[in-house]
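**Q** Starting from the given sequences, assemble the full structure and let the hints guide the process.
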Amino acid sequence: MADRYPGYDVLSKRWTESWNETTRQVIDRRLSVPRQARFFSAAEWRTLSAVCDRIMPQPKDRPPVPLPAYVDQKIAAGLLDGYRYAQMPPQGEAWQRGLAALDRAAQDAHGGRFHVLPPDQQDGLLRRMQQGELTGEAWGGMPCKLFFERRVIPDITQAYYTHPVAWNEIGFGGPASPRGYVRMGLDRRDPWEAAEANTGERAHARRKNNRVG
Amino acid sequence: MSADPFAAPPAANGRAPDVFKRGGWVPMRQYGEDEAVDFAVVGTGAGGGPLICGLAEGGFSVVGFDAGPYFRPLEDFASDEREQDKLYWTDERVVDGANPITMGGKNSGKAVGGSTVHFAMVSLRFRPEWFKSRSALGYGADWPLNWREMWQYYTKAEKALSISGPLSYPWGPKRPRYPYRAHELNGAAELLARGAEAMGLKWTPTQLATVSAPHRKSPPCVYRGFCRFGCSTNAKQSQLVTFIPRALQAGAEIRDLAMVGRIEIGPDGRATGVHYHREGRWRFQKARNVAVAGYAIETPRLLLASATDKFPDGLANSSGLVGKNLMTQSNQAVFGTMAQEVRWNKGPPSLSITEHWNYDDGKDFAGGYCWMAQGPLPVEWVTIQTSSRGLWGQALRDEMEKYNHQVGLKMVGEMLPDECNRVTLADQKDQYGLRVARVTYSWGDNDKALIQHALGQMQTSLEAVGATNIFRQEDDTNHLAGTARMGDDPATSVVNADCRSWDIPNLWVCDGSVFPTTGGVNPSLTITGIAMRTADRIRILAARGEL
Amino acid sequence: MTRDTTALAISGAALLGLAALAPTWGRPTSRAPAVPARPATPAATIDPGAAVRAARRMNRAAGLIAASVLADSAIEHYRGSFHNKAMVTPLVVATLSLAVSAHGNADKRPVAHRARDGVYAAAAVTGLVGTCFHIFNISKKPGGFSWQNLFYSAPIGAPTALTLSGAMGFLAERVRDTAPGLAPTIAGVSAGRAVAAATGVGLLGTVAEAGLLHFRGAYHDPFMFLPVTIPPLTAALIGNAALGEMRHRRPMTRFWLRFTAALGFAGAGFHTIGVARNMGGWRNWRQNLLNGPPIPAPPSFTGLALAGLAALGLMEDHPDG
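Chains as they are written, first to last, in the working numbering: chain A, 1 to 213; chain B, 1001 to 1547; chain C, 2001 to 2321.
Simulated from the structure, these hints should not be mistaken for laboratory data. We treat Cβ as the ideally placed atom computed from N, Cα and C, and that holds for glycine.
Keeping only pairs whose Cα atoms sit at most 25 Å apart, straight-line, the calculated DSS-like set for lysine-lysine is:
no. : chain 1 : residue 1 : chain 2 : residue 2
1   : A       : Lys60     : B       : Lys1402
2   : B       : Lys1021   : B       : Lys1217
3   : B       : Lys1310   : B       : Lys1286
4   : B       : Lys1021   : B       : Lys1159
5   : B       : Lys1429   : A       : Lys74
6   : B       : Lys1448   : B       : Lys1132
7   : C       : Lys2140   : C       : Lys2085
8   : B       : Lys1202   : C       : Lys2141
9   : B       : Lys1202   : C       : Lys2140
10  : B       : Lys1402   : A       : Lys13
11  : B       : Lys1429   : B       : Lys1310
12  : B       : Lys1448   : B       : Lys1363
13  : B       : Lys1132   : B       : Lys1156
14  : B       : Lys1174   : B       : Lys1132
15  : B       : Lys1159   : B       : Lys1217
16  : B       : Lys1217   : B       : Lys1156
17  : B       : Lys1448   : A       : Lys145
18  : B       : Lys1202   : B       : Lys1174
From chain C, some residues computed to sit far from chain A (all C-beta separations above 10 Å):
no. : residue
19  : Ala2074
20  : Ser2146
21  : Pro2251
**A** The following block contains the structure:
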């Protein structure tokens, strides 16, 4: 269901007891992520952006969450995952190699770099990567399946769901400190939680969501 | 807002942060590096914290080292998953084997208070027979500990951590009343209960290390659901807000942002102190005893890295077992969608649990497991969805929109010890110039059989409550153990029942590494109990002149 | 409300009434023969205003309990999202009970008032029906009648506070409605004894409720023992007054009743501190007022103690009754 929580905005709770000062600062930093690449080259950025658009397509009616910027930021800031598969290079090198290899595969299969291909061909290449079917020396021994599972998917999808826009989409309550939750049971909602629009009740849900802040 | 705990160590200049008071300080005794302290303890977590506290309260001079920062929960913890990655050990470990372990928030903390700063607070006792897994149940190895003695230490640990638990527990021998009453069930927990009842299985509200009523300076839980991302109210009874403040009061020193890289051994084959990196340079603290409590990756890493001519295979390793018998626990899950709104993120993730299959031996595999309610926050949830179902694109976004209707059951399952599962040193070096750990892991046949049984049971439970769109998370693990196992024979163990290494009389290991088996429950309460016992044992040994 | 529930409610009300009055039946003759018997008071010297005064005290007691129930059930049923439309009922009935209590307090006429009677009776019945609803709510949860559900589901004893308010008010009307020159009686029994007995039973029920919830709070603060130590003593004393020798003045009983009355307000004070002590304090009132200790609950002890004092007054004014 599109717009399951009409009018709900986690940010409207910014000055309520659900948010504390530390959280406000963190979310502010999140929302003001630098939009220019600090790690990726311009060419890599173009491929990365196209990959982000397929992995996490976003609605056209709002400004998109700048997913390439978050992927870039993680690498530039040196934020590690705590583990690295033995066959995988470190995250920055993995991305560079993977993007280049993807472009190479796009060239070989469809005669153009990844970002110029139509969406269904892009999806096809990504699916083949997911199945482990993209090979070649451009990968330098890095298994494309691992690259997909351990870099492409987590780095892009997690970046999306760290963003308040994604929280609005799924009706997540968002930050909660010092105020947590009172009504814990099934089918119970606190007034500061997202109200779901069931069929025929959109206006009612919107009114409730407008009062969340 | 407090100063950045990563920038410079707050525990300095005769004071340490008062975790209960914004901007407050408590006095901290400090020891000179050149005066040998009685105990240098490496790690301040589930094992290190109670050990430091018990030793200091027993009159020993103690310095506790932690590679991680000294957080002030009230000020430093944001309500944000990504930001709170700062609680985890995100420094790289190399992982391999047939089933490489995902290191990080599922098993490795980096903070004063260790992994208890981010753990889910589930505080369960071992089934008594597990202490004699080999002789009583025919698998794994026997512990050199007596369950009745551990039963008393569990009581002490539960008291120290103000565990909130049910008034009667459906399994195992009788236990004294928990200090606080169990928490209210949320919708996710209620669904576990209904599913269990439909299957004829007992269930219980979970024993949790977070208070359900005020306790000294801790307010009761506000059910914000960010438990595994740091409790910003101090309702959660981590070591950071329990044992560590007591330790400071009893005269211990905590050195935060202090990475111990090497244990020094003297010409007589005894430990003489620890080399540690703090504020940009390497330093050395003299100590009469060294206790390692870095958990099952960092402890063997340190012991192996401290190899000398005298001990070329690493310290305390005459058995060859340091780093071997690494165990994690299976953490697979089954998820589904409900017509009702569940909003599972309200409250601690696991408010109800069933331990049925820890006590029912009608299985054709060894070991046990429990399952508990779940409440993943969005980033964790998308990780589960993508890794379990291979979803991406619009299909993923559509599924994620069902967030408030999701329900899940997650297991904690016993995995058996295998010497091939181990921690070794890779050639890669970390930011301190130390060789990083390589963690090699493969599931055995018994592990897989147990997992499949559990998945089947959990699926049945979800079907019984009317969940639809059911899917399984087939690959997830949590917790660690085994890499410095305790035993009563130096040929087959690293430490004895007192956590004292066989090879080096003043070198101790006091964390989950000492577990010969993992059992089918979360390990933290057992680690805490062992640490409290070890402190008591050290006091007795010291009084006898046997230290 | 179905026929069955109505029948259940009415039978329950009758049983409760009987149980409250039973101790006064077959009461022994004087147990203190050493005290010289007072000569029987001539009917003409009974103070005609005493009954009305006592009745108005009881109206106040009923009103205070009703106020406690109103505020408490409003907060708790709001917390329960009024998920069942019937959850509005106690708010309406308690408001009416409060209103007629104020009316009764201002009314100095020695006649029962039909509207007050009706509201008080409705309150008594509503409380019993509420108890049935709460029992049903608990029984539906996984685990049924477990400690867990007694702690966290609908509080089993809370609706009976509304019954107590109604009962006290109803008794107040009976006391008021005394023919001039006669000692007030209720169903043939001395009114003072009846009210004293109801007070004792009411106190014990409130003790059980407070005790249960303080147990849930693990008695984390030693003051939490006060409502389970003081009021039981008071209940024993007022119960003894209900059953025993009519002629004494009872200074100790009076003292403990007053102390219990004060304790009720002190309890509200403690609960206010408790709310402030939760995370976020009063700024987080939208959570802490609901999750924290219920501020309006303890004053029900005060209401009951006031009824007990009215009972003592009745017994002292009409020592032959």
